[in-house]
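Trainee: Here is what each chain is made of, one letter per residue.
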Amino acid sequence: MSIAASVSGFLYRKPRLRLGMLLSAPLLWLGLAYLGALAALFVTAFWHTDTFTGQVVTEWSLDNFATLFTDEVYRTITFRTLGIAVAVTVIDAVIAFPMAFYMAKFASPRAQRILVIAVMTPLWASYLVKAYSWRVMLSGNGLVGWIFGATPGYGLTATILTLSYLWLPYMILPIYAGLDRLPNSLVEASSDLGGRSWRTFRSVVLPLTFPAIVAGSIFTFSLTLGDYITVKIVGGAGQMLGNVVYDNIGAANNLPFAATVATVPVVIMLVYLAAVRRTGALDNL
Amino acid sequence: MRNSRTLRLIAGLMCAGTAVAACGTSSTSSSSSSAGGQGFTPPKLEALSQLGQPEGALNILAWPGYAENGSNDPNVDWVTPFEQATGCKVNVKTFGTSDEAVSLMKTGQYDVISASGDASLRLIAAGDTEPVNTSLIPNYADVFDFLKNKPWNSVNNVSYGVPHGWGANVLTYRTDQVSPAPTSWSAVFDANSPYKGKVTAYDSPIYIADAALYLMKTKPELGIKNPYALDDKQFQAAVDLLKQQRPLVSEYWSDYLKESQALKNGDAVIGTAWQVTVNLTKSEGAPLESTLPVEGATGWSDTWMVATKSPHKTCAYKWLDHIVSPQANAKVAEYFGEAPANPKACALTADAKHCETYHAGDAAYASQIWYWTTPIAQCIDGRTDVKCKDYGEWTRAWTEIKG
Numbered sequence: 001m002s003i004a005a006s007v008s009g010f011l012y013r014k015p016r017l018r019l020g021m022l023l024s025a026p027l028l029w030l031g032l033a034y035l036g037a038l039a040a041l042f043v044t045a046f047w048h049t050d051t052f053t054g055q056v057v058t059e060w061s062l063d064n065f066a067t068l069f070t071d072e073v074y075r076t077i078t079f080r081t082l083g084i085a086v087a088v089t090v091i092d093a094v095i096a097f098p099m100a101f102y103m104a105k106f107a108s109p110r111a112q113r114i115l116v117i118a119v120m121t122p123l124w125a126s127y128l129v130k131a132y133s134w135r136v137m138l139s140g141n142g143l144v145g146w147i148f149g150a151t152p153g154y155g156l157t158a159t160i161l162t163l164s165y166l167w168l169p170y171m172i173l174p175i176y177a178g179l180d181r182l183p184n185s186l187v188e189a190s191s192d193l194g195g196r197s198w199r200t201f202r203s204v205v206l207p208l209t210f211p212a213i214v215a216g217s218i219f220t221f222s223l224t225l226g227d228y229i230t231v232k233i234v235g236g237a238g239q240m241l242g243n244v245v246y247d248n249i250g251a252a253n254n255l256p257f258a259a260t261v262a263t264v265p266v267v268i269m270l271v272y273l274a275a276v277r278r279t280g281a282l283d284n285l
Numbered sequence: 001m002r003n004s005r006t007l008r009l010i011a012g013l014m015c016a017g018t019a020v021a022a023c024g025t026s027s028t029s030s031s032s033s034s035a036g037g038q039g040f041t042p043p044k045l046e047a048l049s050q051l052g053q054p055e056g057a058l059n060i061l062a063w064p065g066y067a068e069n070g071s072n073d074p075n076v077d078w079v080t081p082f083e084q085a086t087g088c089k090v091n092v093k094t095f096g097t098s099d100e101a102v103s104l105m106k107t108g109q110y111d112v113i114s115a116s117g118d119a120s121l122r123l124i125a126a127g128d129t130e131p132v133n134t135s136l137i138p139n140y141a142d143v144f145d146f147l148k149n150k151p152w153n154s155v156n157n158v159s160y161g162v163p164h165g166w167g168a169n170v171l172t173y174r175t176d177q178v179s180p181a182p183t184s185w186s187a188v189f190d191a192n193s194p195y196k197g198k199v200t201a202y203d204s205p206i207y208i209a210d211a212a213l214y215l216m217k218t219k220p221e222l223g224i225k226n227p228y229a230l231d232d233k234q235f236q237a238a239v240d241l242l243k244q245q246r247p248l249v250s251e252y253w254s255d256y257l258k259e260s261q262a263l264k265n266g267d268a269v270i271g272t273a274w275q276v277t278v279n280l281t282k283s284e285g286a287p288l289e290s291t292l293p294v295e296g297a298t299g300w301s302d303t304w305m306v307a308t309k310s311p312h313k314t315c316a317y318k319w320l321d322h323i324v325s326p327q328a329n330a331k332v333a334e335y336f337g338e339a340p341a342n343p344k345a346c347a348l349t350a351d352a353k354h355c356e357t358y359h360a361g362d363a364a365y366a367s368q369i370w371y372w373t374t375p376i377a378q379c380i381d382g383r384t385d386v387k388c389k390d391y392g393e394w395t396r397a398w399t400e401i402k403g
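These protein sequence lines are chains A and B, in that order. Just so you know, we're using the UniProt record's numbering here: the first sequence kicks off at 1 and counts up by one. Just so you know, we're using the UniProt record's numbering here: the second sequence kicks off at 1 and counts up by one.
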């Protein structure tokens with residue numbers, strides 16, 4: 001018997017070992033590289049840096065968190081970031097739903113495929129190219145000003161607009177998938193029972209696709225919470241949580257405080273996920 | 001071209017954005033010439049006494065754009081000629097901040113580094129870089145005297161490196177929308193500035209020094225001697241000034257192309273800029289001018305240094321000589337957009353007026369510049385009775401200013 005055959009025979013008799021070997025690599029990846037990095041982040045948040053050498057000093061303290069909670073500016077930035085995330089999510093949901101509804105229920109199979117590709121196309125272009133093209137459009141003598149006679153200029157509005165544009169496909173696709181799974185027979189049954197289109201939409205379609213909307217909102221919400229580039233490009237003098245993290249690492253070399261700030265979006269997302277878990281939205285991811 | 005611009009942009013950003021640059025007092029204040037230098041005694045190290053045979057390899061640690069081998073832009077290459085002339089095979093590692101540079105130098109894997117003022121002093125203090133025997137560097141003799149033996153490249157008149165080039169953060173404005181031509185930073189700081197909502201300001205904590213510089217001249221009662229050494233009261237005054245400036249600002253820039261675009265489109269009409277931004281925007285047809293205001297300005301000045309543990313010292317010295325040679329220095333200065341350290345470079349720049357534009361050799365101009373330095377708790381203006389705000393606090397204040 002060859003070695004290969006004996007090894008395979010041995011593994012055949014040991015199903016647990018077989019499973020262990022199969023899963024060890026992904027588990028290592030998940031455990032060490034992914035969760036390990038997150039754990040390291042949290043641990044770092046309790047340390048501080050030596051100002052002259054720039055080295056991280058591994059002494060435990062809650063100073064960073066105290067600064068985070070007592071300084072008003074961080075509260076302001078957190079609420080601003082949250083507000084932007086909510087606005088972006090709402091705008092995307094409002095735009096995405098009719099679009100996905102048409103794609104899933106009215107378009108021919110051929111048109112459906114073309115529309116899905118059309119929705120995904122912007123994802124193939126570089127993030128920076130898209131953000132900079134919004135910068136050009138929103139400029140004083142850019143496209144927006146030319147068409148509407150005025151432009152919001154660079155600032156909060158511009159940030160929300162640009163982020164809504166950037167994350168729209170992430171909202172359309174889950175809703176489209178959710179609507180696609182909704183059997184047409186249910187809609188027909190509703191109209192057979194005398195439900196008009198609005199009633200059908202409100203009592204049948206919306207409740208059944210709500211989890212899909214929430215699934216999409218998780219994308220738009222978390223992507224917005226972590227963003228720091230768009231606001232740099234079109235945000236004028238504004239800043240978001242991501243910028244505070246970036247400035248602390250990039251400019252101040254204060255990794256521990258950056259880690260402290262970085263825990264804020266993580267906590268917000270955990271709360272959000274816990275809240276939406278009940279809707280069953282996580283099954284739609 | 002796009003590529004090289006991006007690169008220059010990154011280079012500029014790195015240089016500017018962060019901890020950068022030189023420690024700084026101007027050459028005029030001899031009483032405080034030990035600025036940044038005091039407070040530590042460098043380890044006793046001897047400079048190289050003579051050159052040997054080139055060792056065949058050289059590991060360079062540099063700001064992006066300072067050691068180009070043609071891979072970013074085939075027309076931008078001063079590393080290959082060096083390799084051909086000396087037989088030293090060059091490896092380039094770029095860094096993004098002075099802090100990163102300092103920690104990379106501690107690995108002992110690099111032979112030379114292009115250090116900015118704050119990094120250079122820390123490297124000297126830690127013994128990571130050693131004194132440089134300038135007599136072994138023929139081109140050093142040509143370097144502008146006002147750049148030699150400064151607080152950020154020497155300790156007790158012992159040279160620790162070769163000056164590379166420098167630049168100032170100038171006041172730029174649209175000539176069609178700003179009149180009369182501004183002569184003071186008050187145009188961007190005064191709450192009643194007519195350019196409200198059209199001011200652009202630099203997005204880095206180090207910009208607090210620009211406010212301190214302005215206060216140094218307009219509010220002498222604060223007693224600011226060096227915009228990088230601010231005690232509680234002085235620091236608070238600078239922060240308040242910037243908070244007052246905040247409503248005037250249309251946007252903070254950290255990307256020079258972004259600023260150029262804003263100026264070109266008229267989204268901003270006045271603000272602080274690098275000369276390279278002004279040139280670029282003018283070349284695209286915008287009516288832009290720049291000026292060095294009466295209060296002076298902040299700026300940067302960099303130094304090439306040799307690692308103490310370098311096994312390739314002959315190659316290292318050859319590189320230091322090469323980088324301030326007229327040909328290479330001209331190329332770097334033009335690619336990065338700064339004033340060269342070697343006056344002979346001025347005859348070799350592709351743009352014949354490069355040195356004029358960047359005020360190379362203009363010692364009077366250079367003395368009005370407060371080169372970037374990282375603020376530390378120990379006041380670098382020589383005061384010992386107060387504690388100054390360190391860079392960590394500057395960063396937090398900056399976040400607060402932007403709100």
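There could be a bad hint or two in this list.
[To be verified] Partial list, derived from the structure: chain A residues whose beta carbon lies under 7 Å from chain B: (1) Val86; (2) Gly236; (3) Asn254.
[Unchecked claim] Here are the simulated DSS-like pairs of lysine-lysine, each with C-alpha atoms no more than 27 Å apart in a straight line: (4) Lys130(A) / Lys282(B); (5) Lys309(B) / Lys282(B); (6) Lys148(B) / Lys106(B); (7) Lys264(B) / Lys130(A); (8) Lys196(B) / Lys282(B); (9) Lys225(B) / Lys387(B).
Just so you know, the hints here were simulated from the structure itself, not pulled from any lab data. As the structure is a computational prediction, the values presented were derived from the model and not from experiment. Every residue, glycine too, gets a C-beta built ideally from N, C-alpha and C.
Trainee: Does each hint hold? Answer for all of them.
Mentor: Here is what the structure says about each hint:
no., hint, verdict
1, Val86, "20 Å, violated"
2, Gly236, "4 Å, holds"
3, Asn254, "6 Å, holds"
4, Lys130(A) / Lys282(B), "26 Å, holds"
5, Lys309(B) / Lys282(B), "46 Å, violated"
6, Lys148(B) / Lys106(B), "26 Å, holds"
7, Lys264(B) / Lys130(A), "20 Å, holds"
8, Lys196(B) / Lys282(B), "23 Å, holds"
9, Lys225(B) / Lys387(B), "14 Å, holds"
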